Amino acid sequence: MIAELGHLALILALVLSLVQATVPLVGANRNRLALMAVGRPAAQGQLLFIVFAYVCLTWTFITSDFSVALAASNSHTATPLIYKITGVWGNHEGSLVLWAMSLSLWTVAVTIFSRNLPEPFMARVLGVLGWISAGFLSFTLVTSNPFHRLIPAVAEGRDLNPLLQDPGMIIHPPLLYMGYVGFAVAFAFAIAALLTGRMDAAWARWSRPWTTIAWVFLTAGIAVGSGWAYYELGWGGWWFWDPVENASFMPWLLGTALMHSLAVTEKRGAFRSWTILLAISTFSMSLLGTFLVRSGVITSVHAFATDPTRGLYILALLVLVIGVSLVLFAWRAPKLSGGGTFSLASRESSLLANNVLLAVATGAVMLGTLYPLFLDALNLGKISVGPPYFEATFVPLMTPVVILMMVGPFVRWKNDDINRIMRRLSVSLIVSIALGLGAAVLIGHVTWRTVLGLSLAAWVLIASIKLLMGRMADRQGASAGARMRGIPASWWGMWLAHLGIGIFIIGVTMVESIDQHVDMKMRPGQTAQLAGYTFTFRSVEGVQGPNFDAARATIDVARGERHMTTLTPEKRLYHAQQMPMTEVSIHVRPLRDVYVSLGDRLEDGSWLVSLYYKPFISWIWVGCILMGLGGIFAAADRRYRKLAERRVAAGALQQTT
Amino acid sequence: MKPRTKRLALLGGAAALFVGAIALVLTAFQQNLVFFHTPTDVAEGRAPAERAFRIGGLVEEGSIVREADGVTVRFAITDTAQAIPVTYRGSLPDLFQEGKGAVVQGKLGPDGLFQASEVLAKHDENYMPVEAQYAIDKAQAQAQAQAAADTVQK
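Heads up: the protein sequence lines correspond to chains A and B, in order. Counting with this note's numbering, you get residues 1 to 657 for the letters of the first sequence. Counting with this note's numbering, you get residues 658 to 811 for the letters of the second sequence.
No lab work stands behind these hints, which were simulated from the structure alone. Computed from a prediction, not measured in an experiment: that's the story for all the values here. Careful, some of the hints might be misleading.
[Said to hold, decoys possible] If you want a taste of the chain A side facing chain B, the calculated C-beta under 7 Å gives, among others:
#1 V360
#2 P580
#3 G599
We treat Cβ as the ideally placed atom computed from N, Cα and C, and that holds for glycine.
Okay, chain A solo, but in the shape it has when bound (with noise of 0.2 Å):
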């Protein structure tokens, strides 16, 4: 029953969404306010239907109902209450609703807080949300109804995959969402400016904050999920440049330009018809990553899918949403040309070089993301594309990227002096790679990548003192408390996720540099030695946890003669679906990681372990909540606060008069 009134739900949102896609358009077209009003209710019935969806379909999994073929092959009676609830979005099924409830509640959202929007404007941003969530919802009912009955019900589940039963599961896909399908509502703002034609200084500035926390969820959502990969795939790697990582870093990278585009836009009203094809092409790489990950067409724990109709729906979607708003950007983009011109000497050519990397980075990734699949489609033979590839195309790309994000913000709008700008940067260049090149002797590891890395994290963080002691020099004989919260929100965003990138590079470099490991075989009562620590390999006991039984392995680690802390790596064996799985057990330190995994056992009574020593590599996840932490800032300045109420009394005028 209850399954059944989640599906009517469903289909009810249908409904509204195919409401919300159309009568506000024509609204906006005829003018006719009424129409244009019909879409806010839409949009917030359809959230309702939504959610309630949602809640019946969890509500299956939590009561272990096996009549429904989605709760009977991915929980379990005995799964933790927890993996029930996010066991409903790991699976193909479950997770286009979530991907359908994420777009609804930014839809809400949109109708809350921007409405000062004029109301043509934002009937044609519902209406194009509309049709978006129309293409999910339609995908979901016809290719991957949730709600299938299974005629028998089965007398038990077949449990979560045990990979995704653990608590960075918990929260990476709802984040990982939220910024693909935030993209949604920079690609309607530009889809609704194209129709408009309207395309100014005050259209960038209510897609701005949108774009950001858009940006900040995506950025969190990767990082959970290379967290993730870092201690639940048991051997201490980050990134693996892996399709389903791949895609989601391509809109994350078009996603970094849009908001700088973005920027120019506001300031200069520069870069228009740039910034639509960014918005559009970010979107696009949101549903392309949708596509790569949900169509079967990787494997890899993320596809679920291996039905074929599902690929080629998404897919004709994806070439429908590409294709549209390409055709209506050919046509109406010759229309927005203009804007403040510059020189070459200004912060705009800076922020257009970054662009052109990143828009070059971009293409590269789905090249190598792309060109494998693409071989395979047309039956030339299999190829695969790994992290050497990568990284030889990311660290040249990435590293004038990094030198000129500390360079622009010294820069000013317009026209510059190069001589200005090289006097007052030369000396921290110089100390820079002075420096950088200093800590790879002091770590003993000088090849021309780790100095390369240092330098640039070198030069990330004096530019960044450099440019706050600037900024904080303005206004002479404040206190330095007041002369900072005389800075605007927004500056303290781009200066925070400037010095995270820092932050994270330094991370990166030293992993990649001096990070040791050791694969050997112990039995208890043995030592090792790695960098430094010692190891004893104590003793293995059984253990029993609610759906699986492990091997529970106690190391002590030691530095010299002190005891540092006590691991217990273990060797689960989860009982429905019989099958292995590592769980490491990690100690964490601001400098470094102790990260230790056990292996198979051996028929001697010895195990295999391996243990790694990590150097700072909490700094790249520290890097990434700088840069979020910087998003929020930005998105939370005042301007756009002060810009609503303004238009808010603006309109209140308007309609007394």
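Given the coordinates of chain A, work out where chain B should sit on it, guided by the hints.
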């Protein structure tokens, strides 16, 4: 500089940046492609000697042997027609088992022993790595074609 020449310089600069970046990407791509070969390909000497490549198939039953250090493993990867001996040092994926699908990446030694640097197994019980499935399908299709050809000759 005149505005017109400035504009040209800016456009030229952006274009040069773009072309340079694309050239870099394409060269890196060319150099880092990893091709895939079936065990039959390798047995018939169609695999490159110097370059790293991938082999997919089933881990042959009874072929996993651990050396005295416990960490070096030897096994054979088969597409049911041919089997290629593989050696690998390191920890194996959780789902690496005899009779199950696996993909290995590495280089072929002069002695015909494949030195794997990476071993990939499936993520859960539901599916096979695509490349492993492909190798087996291909070998079986060939075997059937061979059988058909034999009956025609008889």
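Run through the hints listed earlier and report the numbers of any the structure violates, in increasing order. none
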